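A.B. asks: Those protein sequence lines, which keep their order, are chains A and B.
Quick note on numbering: the first sequence equals residues -8 to 103 in this note's numbering.
Quick note on numbering: the second sequence equals residues 1102 to 1217 in this note's numbering.
Hints are supplied without guarantee of correctness; some may be wrong.
Straight line, CA to CA, 35 Å or less: simulated DSBU-like cross-link-like pairs of lysine-lysine [stated by the list, open to error]:
1) 90(A) - 1167(B)
2) 1156(B) - 1167(B)
3) 98(A) - 68(A)
4) 1115(B) - 1142(B)
5) 68(A) - 1121(B)
6) 1167(B) - 98(A)
7) 90(A) - 1156(B)
8) 1142(B) - 43(A)
9) 90(A) - 1115(B)
Bear in mind the hints are in silico, worked out from the structure with no lab data behind them.
Bear in mind that the values here come from a model prediction, so they are computed numbers and not experimental data.
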Amino acid sequence: GNSVTQMEGPVTLSEEAFLTINCTYTATGYPSLFWYVQYPGEGLQLLLKATKADDKGSNKGFEATYRKETTSFHLEKGSVQVSDSAVYFCALNSGGYQKVTFGTGTKLQVIP
Amino acid sequence: GAVVSQHPSWVICKSGTSVKIECRSLDFQATTMFWYRQFPKQSLMLMATSNEGSKATYEQGVEKDKFLINHASLTLSTLTVTSAHPEDSSFYICSASSSGGADTQYFGPGTRLTVL
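With the rest of the complex left out, here is chain A (with noise of 0.2 Å):
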């Protein structure tokens, strides 16, 4: 079956600092690849998303690129902000169903 594995956490960062996140994954096909995120209090929200091998899904200075021969989706930031403290989920998606399977997720916390 389908399965998603990410770095536990917490990951504690100052500010500016370069953000990586690891998820591997595990599928049948072709899966789409997501990136959620949940802020303390709120739902999770589509942070990002990749349909195909070797896209690159890219919002808020997150980027992600969907490496088939790794079968992972590292998440990474160039320069965290304090406001990016919250949870982030790796999922995965696949065939035409909307049945999504997430990681464990990784809470991430920026100090100033």
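For this one, chain A is given, so just place chain B on it according to the hints.
C.D. replies: Below, chain B alone, put in the same frame as chain A:
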């Protein structure tokens, strides 16, 4: 973006009682709603998918008689945990979709259920 609300945001109940959780799409019509459950430090696990006016489709291992789902309108779905027990304590999250794939799912803020 689209907004999905959940009510209540947290609830504490006694073992054996039933608890109802509401999920509402506030500014769009949701033809499909999803219910997830999240244990501490674990991923969101899909419990069931409901389409407006139809019976919910439950994932393997989820007791449909224990977790009753009703999707009576295009803006409201309810999850009722019947005869709740401490092992049902969890974080329940709904999402709603008007159509299309996973990137059009909008998530609610979640409901924390504690069963004493």
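A.B. asks: Hint by hint, note whether the structure agrees.
C.D. replies: Structure-based check of all given hints:
1. Proximity of residue 90(A) to residue 1167(B) is assessed by CA-CA distance (about 22 Å); at most 35 Å being required, the pair is judged to hold.
2. Proposed proximity of residue 1156(B) and residue 1167(B) is supported: the alpha carbons are some 15 Å apart, at most 35 Å.
3. This hinted pair checks out: residue 98(A) and residue 68(A) have alpha carbons roughly 15 Å apart, not beyond 35 Å.
4. With a C-alpha separation of about 25 Å, the suggested pairing of residue 1115(B) with residue 1142(B) holds against the 35 Å cut-off.
5. The suggested pairing of residue 68(A) with residue 1121(B) is violated, with an alpha-carbon distance near 40 Å, which exceeds 35 Å.
6. Restraint check: the Cα-Cα separation between residue 1167(B) and residue 98(A) comes to about 32 Å, which is no more than 35 Å; the hinted pair holds.
7. For the suggested pair residue 90(A) and residue 1156(B), the alpha carbons sit about 17 Å apart, so the restraint of at most 35 Å is met.
8. Restraint check: the Cα-Cα separation between residue 1142(B) and residue 43(A) comes to about 29 Å, which is no more than 35 Å; the hinted pair holds.
9. A C-alpha spacing of about 32 Å is found between residue 90(A) and residue 1115(B), which places the hinted pair at or below 35 Å, so the restraint holds.
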